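J.: All chains, please: the whole structure from these sequences, using the hints.
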Amino acid sequence: MFKYLTRSVRLTSRALTHYNYATSSSSSSSGSGKNSTGGQLVAVTKAMEGWSQKLQDAGVSDTEFNLKCIVSHVLKRKFNTVPDNFSQLHFDQKQLADFERFLEARCARMPLQHIIGEWDFLDITLKTAPTVFIPRPETEEFVSLVIENYKDVKHVNMLEVGCGSGAMSLSMLHALPRVEATAIERSKAATVLAAENAKLLGLQDRFQVHNHTMEEDQYMPEPLKDKKYDLIISNPPYVKTEEFQFLHPEVVVYENLNALDGGSDGLRVARLVFDLACRHLHSGGKLWLELGNEHPPLVKTIMHLKYEGRLNFVGSYYDQYKRERFVQIEKV
Amino acid sequence: MLLRKLLPVRCGYLARRWASSDPLSLQNEKLQSYLESLRQEYYGLRVNATGNSRAYERLSQLEGVVNALEQRRVLERNITSAKDIEQEKDEDMRKLMEEENEVYADLLSKQEHTMLQELLALADDEVYPALIFGVNAGAGGQEAMLFAQELFEMYTSYFEHMGWEYEEFARETTDIGGLRHANVMVNGADAFHWLRFEAGVHRVQRVPATEKAGRMHTSTASITVIPRPADVHVHIAEKDLKIETKRASGAGGQHVNTTDSAVRIVHLPTGLAVEAQSERSQLKNRELALKRLQARLVQQQLESSEASKQATKKAQQGSLNRNEKIRTYNFVQDRVTDHRIQGGTLHNLDGFLKGGESLSGLVEKLQLEHRRSRLRDLLEAWQPPQKAANKD
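Sequences listed follow chains A and B, in order. To get our numbering, take the position in the first sequence, counting from 1, and add 738. To get our numbering, take the position in the second sequence, counting from 1, and add 242.
Keep in mind that the hints were calculated from the coordinates and are not lab data. Computed from a predicted model, the values in this text were never measured in an experiment. It is possible that part of the hints are untrue.
Said to hold, decoys possible - Below are the DSSO-like pairs computed for lysine-lysine, each with C-alpha atoms no more than 27 Å apart in a straight line: (1) A:1060 with B:454; (2) B:488 with B:526; (3) B:526 with A:937; (4) A:889 with B:481; (5) A:806 with B:533; (6) B:488 with A:1060; (7) A:966 with A:1044; (8) A:816 with B:488; (9) A:865 with B:488; (10) A:814 with B:596; (11) A:832 with A:784; (12) A:889 with A:937; (13) A:816 with B:596; (14) A:816 with A:806; (15) A:816 with B:526; (16) B:325 with B:352; (17) A:865 with B:526; (18) A:816 with A:784; (19) A:1060 with B:481; (20) B:488 with A:792; (21) B:526 with B:481; (22) A:784 with B:454; (23) B:488 with A:806; (24) B:484 with A:1060; (25) A:1060 with B:526; (26) A:1044 with A:963; (27) A:814 with B:526; (28) A:816 with B:533; (29) A:865 with A:814; (30) A:937 with A:816; (31) A:814 with A:832; (32) A:965 with A:926; (33) A:806 with B:526; (34) B:533 with A:889; (35) B:526 with A:889; (36) B:488 with A:978.
T.: Laid out in structure tokens, this is it:
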């Protein structure tokens, strides 16, 4: 297992020597249009030869989808406008070089979302950044569940704990015009990225994010310490420390482990969120959490034992793979 | 002096009198009594329509015509009769009356125009909330498929131009960018009234991109329009669905970062399977797949349901013959010719293929023609009620 990891780290560092993260490289290539690089056009089908096998050998599954994402990124076209059949598409020399560099990085198991510098989440597209957690497809399911519950509510004052790229809050704001969101986030890079995403989506008027590390008796940043909310959402780190050895290189090598590490039972951060909710939810306000597989029954027990009279376990819900993962809790 | 002023009024009056041999002129007696019967039907319904949805539907249909008719009568009453003008002794007063009459005559002719429009709209038959619009490449091989693709693009931008929602659910394309066939569900209460005139064979004449020797070819593509009756509903139960995604085992969530977003849904009762992978978000793909499944099920039901067969048959009478060649797109002469109406030739083919005003204008012409002929038929078949009563 460890051999495997060191190999991918080695590959990464090799890839990175001539690769300065997707965002910067794509901006440099955007300036140089066809005229400066010009030269010969290469058929995309030709450029792709052999890469599918290389990706597979590197342990990347779903190679076709990966290739299509990278092709559309190199051509600067929206993913859903690129045909499944590439026979009509061509790269110029500059694009060909980009294409090969990106695939090299992908073979080193750099996450696809980091390579192309953006990802779709529900109806919005978010910028991604190397040290910020990439939103997962189950989280889309989680957010649509929360949206479903709040779509008819007049006004919602919402708090998100640990917003990362801003995916959950911003997709809520995008779907529901009567929601206002505040977020706290421990990583500086993520705080900056979330604010930037809000601006890109034109949602900055209803979204504010504070750089703050939640600790016991210092749950909220100073300016917010007396604020109360109608709704708190969070996808706290919930991977158990012992599970780290089994994770994919995309996750364990490239992602910010602070966004994943949930301590020995995966609920270290969730417990802090419970305490925060006791102090900062209005009576009758709700706390929605996305957690790991075996957590919801555990949370129910914790609510009964430790939060009797303060928090009330409302229910748990399943993700699209029929895993019990989401919980709703009410402030008494 | 006075005579010269009166003359145009008289002439207009005579002209209108003369025009009354046209069945759609408002001076026509049969049309007049038809309108009166509509008015009585309207007021009758207004008193008696309690909780009957058909009656309410008819009421709202009639409302426009009857309102226009009432306004017209008010205007008519305001016009001073020629006899009154002659009897008026005061010269200034008489002038005033004449001037007033001219204003009212002008208003009246405008009012007649709106009323005719309302009456023509009344001639439309049943309303369908949605329809299935099909594009199929016809004779002409690859070239026909390229043309089918162009038609497909023209119509989708036309749908957008008209503000109709549409959902594409079956589409087979070729490698060089052609289209074998495509089906699109179009939602919009008025969509059928417009699109029905597009069904038929469309012919293209040009030197194809695929032609090496530079000869001109004639190829075809056909359009089908199947109305969807209001009572066709498909309910999809959650338990009947098997949703397949590639990421199904392991812990999921924060533990993994795989990006598979393709979704495949199997509808267990029918065995229908649909896939979607055109979006990066899995949830979006699932929504897309569900919509496709819904459309496929509706189509299946439509093809088997008797109601729809009848509706299609009815719609195809007259202008909607599937095998009728309805329009020619001649690229060499840069023109479009519709074979069903007088003066149906338009130039600027590129503009036409954008599916905007130009296409919309032609369809409007076709629709007006269709409404006129339907109203004429309606009037011909209509018997004034009192005559019918006399026969008894």
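J.: Determine for every hint whether it applies to the structure shown.
T.: Outcome of the hint check:
no.: 1; hint: A:1060 with B:454; result: 58 Å, violated
no.: 2; hint: B:488 with B:526; result: 15 Å, holds
no.: 3; hint: B:526 with A:937; result: 23 Å, holds
no.: 4; hint: A:889 with B:481; result: 25 Å, holds
no.: 5; hint: A:806 with B:533; result: 24 Å, holds
no.: 6; hint: B:488 with A:1060; result: 14 Å, holds
no.: 7; hint: A:966 with A:1044; result: 22 Å, holds
no.: 8; hint: A:816 with B:488; result: 23 Å, holds
no.: 9; hint: A:865 with B:488; result: 25 Å, holds
no.: 10; hint: A:814 with B:596; result: 25 Å, holds
no.: 11; hint: A:832 with A:784; result: 15 Å, holds
no.: 12; hint: A:889 with A:937; result: 23 Å, holds
no.: 13; hint: A:816 with B:596; result: 22 Å, holds
no.: 14; hint: A:816 with A:806; result: 11 Å, holds
no.: 15; hint: A:816 with B:526; result: 15 Å, holds
no.: 16; hint: B:325 with B:352; result: 25 Å, holds
no.: 17; hint: A:865 with B:526; result: 18 Å, holds
no.: 18; hint: A:816 with A:784; result: 21 Å, holds
no.: 19; hint: A:1060 with B:481; result: 13 Å, holds
no.: 20; hint: B:488 with A:792; result: 21 Å, holds
no.: 21; hint: B:526 with B:481; result: 20 Å, holds
no.: 22; hint: A:784 with B:454; result: 26 Å, holds
no.: 23; hint: B:488 with A:806; result: 17 Å, holds
no.: 24; hint: B:484 with A:1060; result: 12 Å, holds
no.: 25; hint: A:1060 with B:526; result: 18 Å, holds
no.: 26; hint: A:1044 with A:963; result: 23 Å, holds
no.: 27; hint: A:814 with B:526; result: 21 Å, holds
no.: 28; hint: A:816 with B:533; result: 22 Å, holds
no.: 29; hint: A:865 with A:814; result: 15 Å, holds
no.: 30; hint: A:937 with A:816; result: 20 Å, holds
no.: 31; hint: A:814 with A:832; result: 13 Å, holds
no.: 32; hint: A:965 with A:926; result: 22 Å, holds
no.: 33; hint: A:806 with B:526; result: 17 Å, holds
no.: 34; hint: B:533 with A:889; result: 22 Å, holds
no.: 35; hint: B:526 with A:889; result: 19 Å, holds
no.: 36; hint: B:488 with A:978; result: 24 Å, holds
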